[in-house]
Every structure is written in structure tokens, then in C-alpha cells.
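So the protein sequences, as listed, match chains C and F.
Residue 516 in this note's numbering sits at position 52 of the first sequence, and the numbers go up by one each step.
Residue 577 in this note's numbering sits at position 113 of the second sequence, and the numbers go up by one each step.
Among these hints, one or two may not hold up.
Just so you know, same-sequence chains aren't split out, so a pair can sit in one copy or run between any two.
[As the list claims (entries may be wrong)] For lysine-lysine, the following DSS-like pairs were computed, each having C-alpha atoms within a straight-line distance of at most 30 Å:
{"hint": "1", "residue 1": "Lys473", "residue 2": "Lys509"}
{"hint": "2", "residue 1": "Lys624", "residue 2": "Lys473"}
{"hint": "3", "residue 1": "Lys517", "residue 2": "Lys553"}
{"hint": "4", "residue 1": "Lys620", "residue 2": "Lys553"}
{"hint": "5", "residue 1": "Lys509", "residue 2": "Lys487"}
{"hint": "6", "residue 1": "Lys562", "residue 2": "Lys579"}
{"hint": "7", "residue 1": "Lys473", "residue 2": "Lys517"}
{"hint": "8", "residue 1": "Lys517", "residue 2": "Lys620"}
{"hint": "9", "residue 1": "Lys473", "residue 2": "Lys562"}
{"hint": "10", "residue 1": "Lys487", "residue 2": "Lys553"}
{"hint": "11", "residue 1": "Lys596", "residue 2": "Lys544"}
{"hint": "12", "residue 1": "Lys544", "residue 2": "Lys509"}
{"hint": "13", "residue 1": "Lys487", "residue 2": "Lys579"}
Don't read these hints as lab results, they were simulated from the structure.
Spelled out, the chains give:
There are 2 protein chains.
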Amino acid sequence: MMYPNSLEKLIACFRTLPGVGEKTAERYALLIVEEDELEVMEFVKALQEVKEKLVHCPICGNLSEDGECEICRDTSRDKKTILVVQSVKDVVAMERTKEYHGLYHVLNGLISSSKGIMPEDLNISSLVERAKNAQEVILATNATVDGETTALYLSKLLAKECPNVTVTRIAHGLSSGVMIDYADELTLIHALTDRRKV
Amino acid sequence: MMYPNSLEKLIACFRTLPGVGEKTAERYALLIVEEDELEVMEFVKALQEVKEKLVHCPICGNLSEDGECEICRDTSRDKKTILVVQSVKDVVAMERTKEYHGLYHVLNGLISSSKGIMPEDLNISSLVERAKNAQEVILATNATVDGETTALYLSKLLAKECPNVTVTRIAHGLSSGVMIDYADELTLIHALTDRRKV
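Turn these sequences into a full structure, and let the hints guide you.
What follows is the structure, given as C-alpha cells:
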């Protein structure tokens, strides 16, 4: 005997989530069994609504419930600056800083030779179009191999297609709270090379 | 800007799962956004079916889709032996061994002073009734403080209420694959005390 059929099905569904193995999926499913009927119905509603309502913003690729996203529709934002990120999560992370007031462009992935993701799989062609009317494009992809590859590709592409736009890359260096003797060499090289006058 | 409303709601739902923090809930929810509509509908159906169909077996407390559970209904099983476990997960773990052919009794928790769980919160009274007709009750609660407390409580209760039944506790000792120099002291003490002739 394994679990009853309906429970096995729910465990299989939880297993499709990223990083969820058999044991974790079991724990999740058994919690659902013990949870209040109402709370589970909330869960069901939330899943349905996400699929019904959410779309990608046709301008920047961010998530939205209604065509253009909140940020693209916000008239108070600086329309001349575009910050390029890998995913919607990064938009939220940047917005939390409250330091940036321009627009975004969500690539929905990074160029990756190991995963076989090519530039044409990403939301890049519309970036080129948007960049033509911008003053600055800030490349804010991760400080990883794929992130750097994508930033390099975009900087070359934009230099060729939109020669009038300034393309910048977010700064690399010591993360806040990191001790120098624990930082890796690449980080220290960046921190030294990009030092600035105080 | 945070995420769109419907996405925030789904993140909140995922956060109710055990051990799921903000970041993990975000990852789960964003996967759902990108997932195939059909797969998400499978998920919705699985959640609904679990709530509609699953009940606790009135005899042993195991999960079942239809009154008495598969194990209690199985006429080929040894009805004179009852193995007492904390949760449905433990029933499945024991069944996987294919070594045990008796019945189960699921307590749905353990006595815990730290969590304020008392004997009357658990599925114990029906165990006493069942034990009166059994030959052996095997206490298979975890080898933790709460597990041992519960086993001790049950052994005393059963000795008093059902003096004719044999109450046993599963063996404690070295887990399979564990090296002696890595084993904790309590495990080694158990392994020594309960040694047997070869």
C-alpha cells in the first residue's frame, strides 16, 4: 500500500515544483489533508486566478493583470532609462530598494550555452526597439557566467543597433556585510578595479 | 510595486506550507505562472479531490478514500498485531519494508510538553479498545524525546487497561550504514544494551 490515490496525485503535483523531492512533497500534501477546507479552497482559487489573470506586459515583459504593467503605465517614471533584468523576481527586488525610478525590461531568462538558451529564445528584439528611444540602458543581469554572457551580448548588440544610447552595467564589488577575507578573488578584483575616490 | 495581486495571494498560500519561506514561495508561484494551463488545472483538481475524498479510517486513523482503510479491510492481514505510529507517513514507511503484515494504529501526533500536546489530543482511546482484542501492540513512535515519552505513556496505559496484551517497542540501535565513530552516545548505549547473540 502506498498513499490513497488522490493523495498520490497531489504529491505528484507538488513534486513538479522546483527543488521539491518526494519527502517534501509528502509533507506538503499531508499538510493539505489536515488543513482547513476553506484554506485549501483559497489555495485552489489563487492557482486558478493566477492562470486566468496574469499576462506578460507587452512592453517590458513584466507580469501584469491587465495588459501593460503598473510600471509601464506609471506616468511619473523616467521613460528614458531602461533597466534590463533576467526575471520578474529581479524587478521586485529592484523596486524594494526604492532607488530606481525608470522602466524595466524583463528578458525572461539568460543566454546559456549549458542550458541551450540562445538570444532568440529571450525577450531581446523588443528591447532593441525600446532602446532606440532611450537615453540609458542599465544591464542588471546576475553576476554569474550566464549573467555576464548575456550582458556582454546585449552591450555589443545595443552598441551596434542603437549607437546613441548609453549602455551601463550595474556595479560589481563587495556585497554589503561581506568580510574581505571571505570574499572570492573575482569579487576582490572587481572591488579593486572599480574603486572610486572618496 | 510588489507582485500583481493574484500572484501575491498565491505566494501567501504557498507560504502556509511547512518550511516554505518568502523566497521559496516566490519560486513556486512564479513556476506556476510559467507552467502549462493544463498542469495547473491538474494541481487544482488534485487539491480539490484530496479535500473531497480523503477521510481518516474510523478504526486505525490511517487515511482512506472510502471509510475503512485498505489495510483494515485486508482480510489476509494478521488482526492480532497492532503497530502504533505517529502519522500516516510512518504507515507508508513501514509498508515499504514489506516485513510487517499486521494492523496499524495512527496516533496523529505525539505527546509533547513543549508543543502542549496531551494524550487526550491524540487517537489513543480507540487504541485501548482495540488492544483488548489483540495479542501484541508494537510501539513504533520516533526515537525522539516526544516519541519516547509517548511510548512510555502508552506502555503504562496498556499494561493497566489491557493486562493480557504483549506490548513491545521497536528496536533501538545503530541505523543501517552508520559508522560507529559517527553515532551519538545514546545510540551506542542502546546498541550495547540491546545486543543479541549471533
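* Classify it for me, Lys487 with Lys579: is the Cα-Cα distance of at most 30 Å met within a copy, between copies, both or neither? => Classified as both: same-chain Cα gap 27 Å, cross-chain 23 Å, threshold 30 Å.
* Asked: How do Lys473 and Lys562 come out at 30 Å by Cα distance, when the copy is not named: within, between, both, or neither?
  -> between (43 Å within a copy, 23 Å between copies)
* To do: Indicate which option fits the pair Lys544, Lys509 if close means a Cα-Cα distance not exceeding 30 Å: within, between, both or neither.
  => neither (39 Å within a copy, 46 Å between copies)
* Are the CA atoms of Lys473 and Lys517 at most 30 Å apart within a copy, between copies, both, or neither? -> both (26 Å within a copy, 12 Å between copies)
* **Intra- versus inter-copy proximity for Lys553 and Lys487 (alpha-carbon distance at most 30 Å)** => both (27 Å within a copy, 9 Å between copies)
* **Same-copy or cross-copy closeness of Lys517 to Lys620 [CA-CA at most 30 Å]** => neither (36 Å within a copy, 58 Å between copies)
* **30 Å Cα threshold - placement of Lys544 relative to Lys596** => Answer is within; shortest intra-copy Cα gap is 10 Å, inter-copy 81 Å.
* Between the shortest in-copy and the shortest cross-copy C-alpha distance, which are at most 30 Å for Lys620 and Lys553: within, between, both, or neither? -> within (25 Å within a copy, 55 Å between copies)
* Please work out whether the CA atoms of Lys473 and Lys509 approach to 30 Å or closer within one copy, between two copies, in both situations, or in neither? => both (19 Å within a copy, 9 Å between copies)
* Asked: Is the C-alpha distance from Lys562 to Lys579 at most 30 Å within one copy, between copies, in both cases, or in neither?
  -> neither (33 Å within a copy, 41 Å between copies)
* To do: Give the relationship of Lys624 and Lys473 under a CA distance limit of 30 Å: within one copy only, between copies only, both, or neither.
  => neither (52 Å within a copy, 43 Å between copies)
* To do: Could you place Lys517 and Lys553 in one of the four classes (within, between, both, neither) given a Cα distance threshold of 30 Å?
  => within (18 Å within a copy, 37 Å between copies)
Violation of the numbered hints given earlier is confined to hints 2, 6, 8 and 12; the remaining hints are satisfied by the structure.
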